[in-house]
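2 protein chains.
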Amino acid sequence: MKNNNILAVDAMGGDFGPSVVVPGALQAAKQCGAKILFVGLEDKIQEVLDTLPDDLKAVDYSIVHASQVVEMNEKPSDILRQKKDSSIQVACRLVKDGEAHAVISAGHSGACVACGMFIIGRISGVERPCLATIMPSKTTPRLLLDVGANVECKPYHLFQFALMGAAFAKDILEYEEPRVGILSIGEEEGKGTSTVKEAYDLLKVAQHLNFVGNVEGRDIFIGDVDVVVCDGFVGNIALKLSEGLAFSLTHVLKKELTGNGLLPKIGAFLAKKAFLKFKKKIDYAEYGGAPLLGLKGISFVCHGSSNKRAIESAVLMANTYIEKDTHNKLLNSLKENEELTSFARSV
Amino acid sequence: MKNNNILAVDAMGGDFGPSVVVPGALQAAKQCGAKILFVGLEDKIQEVLDTLPDDLKAVDYSIVHASQVVEMNEKPSDILRQKKDSSIQVACRLVKDGEAHAVISAGHSGACVACGMFIIGRISGVERPCLATIMPSKTTPRLLLDVGANVECKPYHLFQFALMGAAFAKDILEYEEPRVGILSIGEEEGKGTSTVKEAYDLLKVAQHLNFVGNVEGRDIFIGDVDVVVCDGFVGNIALKLSEGLAFSLTHVLKKELTGNGLLPKIGAFLAKKAFLKFKKKIDYAEYGGAPLLGLKGISFVCHGSSNKRAIESAVLMANTYIEKDTHNKLLNSLKENEELTSFARSV
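First to last, the sequence lines map onto chains Z and W.
Just so we're aligned: the first sequence equals residues 1 to 347 in this note's numbering.
Just so we're aligned: the second sequence equals residues 1001 to 1347 in this note's numbering.
Treat the hints as calculated values from the structure; they're not laboratory data.
Since the structure is predicted, the reported quantities are computational estimates derived from the model, not experimental observations.
By construction, the Cβ of each residue, glycine as well, lies at the ideal position given by its N, Cα and C atoms.
Errors might be hidden in some of the hints.
What the hints assert, rightly or not - Quick look at which bits of chain Z chain W covers, simulated, 3 or more residues with Cβ under 8 Å: (1) 148 to 157; (2) 238 to 247; (3) 319 to 332.
Unchecked claim - Simulated coverage check for chain W against chain Z, where a stretch passes if three residues somewhere in it have a Cβ under 8 Å from a Cβ of chain Z: (4) 1119 to 1132; (5) 1147 to 1157; (6) 1185 to 1195; (7) 1210 to 1221.
Let's have the full structure, built from the sequences with the hints guiding it.
Spelled out as structure tokens, the structure:
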């Protein structure tokens, strides 16, 4: 069961810090056999460990002390310059120095991106790493990227997001020939911003990519597409809008189901069961972290509000990513399209 | 009950054409007392009228023949040039010539925008008219604009969308001091694209505007905001994504509620009632058409898949818009901020 993978987990990240990160990561380690390095304030981590049952701690783990804590309102550039001993910086350095194979953090996502770019470093030829998130749908999950690492993108950035997203979806989501679409406001070629149109032209001639053209907003959930590419501004709005709408609809429907005065107890009972299943189906926690693609090392960023289950999922996905050597698949896909990317960058 | 408002209704628009447009508009006329001018193929409109009960037809209406029909795959510019006798062009000319006070169409939305801009014409000082849509939420409905008329926007376009959206929300949605936000990827000032940041600076100093700053994707449904401003690319994706997600979630939850084998008949019964109420709450048809703001005349664009209820709502809203003289409130708000707009345009 035990494997040789070493995962650096930012224990201080997220709304709940070590209290959910530590048990979540241990639970994952128990399942996959990887070694966990908890990075953060040693005493805080130990405090949580002391409360946990022994069987959960019967895995390979250790603590790497990091004295500084990142606040959510700090600027990524300030964190990078001034918080050299923060948990996210220390965790990224472990990856850079080869002491860990991947970093997982539910902390400040801007800091995760900045530390990923400037400490772990970018893959040669990749200007912009991007955050990819797995969106649940009526049928199979879809990958949406970028969801916030890059506010303004050039066509060849979107092109590389598509290449990396497809490689990830193929390997990790196990889609044989993932259908890749670019997010726009009409299915026909020629719809959208000038950036989208230029990226479309590149994607059309990409090597080994199943490009299906433009897709619309609704297709993220109900269209014939597996990987949806957009810039980080649009992607972040799409992601947060989905969270808000799912929350809002669930609330409205729950109220209707349980509060109508007609057999309310049976209604509430049935609704509770249905909502639990429903929640599992649409729950982001099931998919855990968003991979930060385009770095020399492996990094997963989790939602700030991650619960234990989300941390566990992210750690398991990072482990799978290492086991399957997904990183090299990404490199290959980028390499096969190197000339095209260089050409696009030069025009 | 009868009033002096004359509404030009594009009878050929939408997925279902006159079969839903004609009864929907008559139903609205019955309620509000406006006169309806049905524009389109006379025989097709008459055919539908012949099937309708007399009491529905006991309103003031007439038919204005238009010999050409617009196909959904035609380019707006081609429609404008080559289909001078299409129902949307003829209806817009009725408004331009003062023979109707407003046009309502569920047809090709690109054609509605193009004909609105080039036949009805823009308000002096408004470069870009925009489409505003009413989004249902957990609490009160919100106005989102632009949802597709302008793919790429300058900061002062967004600024004018905000002014017009606020005037509309105040008058039609009856919000005393509508809270106006600009859609971005973080609440803090300084987050977002350069266009968003520049628009933010303008909105901060706008006259008579309750600007609340940046809002995020989730705020469209659950945030403290009434009017959400964005460019037409982002807005269109947000709108269609919401439709796709609402459809997808409803599907998943319905399946869970009715198919779990536990008291399935009671579950199905309770679910059906809840879903009907739920549908009413989130149904876009309840709000009907999207106003095209910034034109010299009044234009409402309906969803292509509009049902009778949606057409009825749009016609009623157009009538209210005339009655309340909302158009002049828009003009006032634009005028109060004229200098600021001119300044922004010149830099």
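Okay, the hints, checked on the actual structure:
1. Against chain W, the segment 148 to 157 of chain Z contributes 3 residues with a C-beta closer than 8 Å to a partner C-beta. That satisfies the three-residue criterion, and the hint holds.
2. With 10 residues having a beta carbon nearer than 8 Å to a beta carbon of chain W, the segment 238 to 247 of chain Z meets the requirement of three or more and the stated coverage holds.
3. For the segment 319 to 332 of chain Z, the stated coverage by chain W is not satisfied: 0 residues place a CB nearer than 8 Å to a CB of that chain, which falls below the threshold of 3.
4. By the rule of at least three residues with a Cβ nearer than 8 Å to a Cβ of chain Z, the coverage given for the segment 1119 to 1132 of chain W is violated, with 0 such residues.
5. Figure legend: the segment 1147 to 1157 of chain W, annotated as covered by chain Z; annotation consistent (3 residues with Cβ-Cβ distances under 8 Å, at least 3 required).
6. Residues of the segment 1185 to 1195 of chain W lying with their CB closer than 8 Å to a CB of chain Z number 5, which satisfies the three-residue condition for coverage.
7. Check result for the segment 1210 to 1221 of chain W against chain Z: holds, 6 residues qualifying (beta carbon to beta carbon below 8 Å, three or more required).
Checked against the numbered hints above, the structure breaks hints 3, 4 and satisfies the rest.
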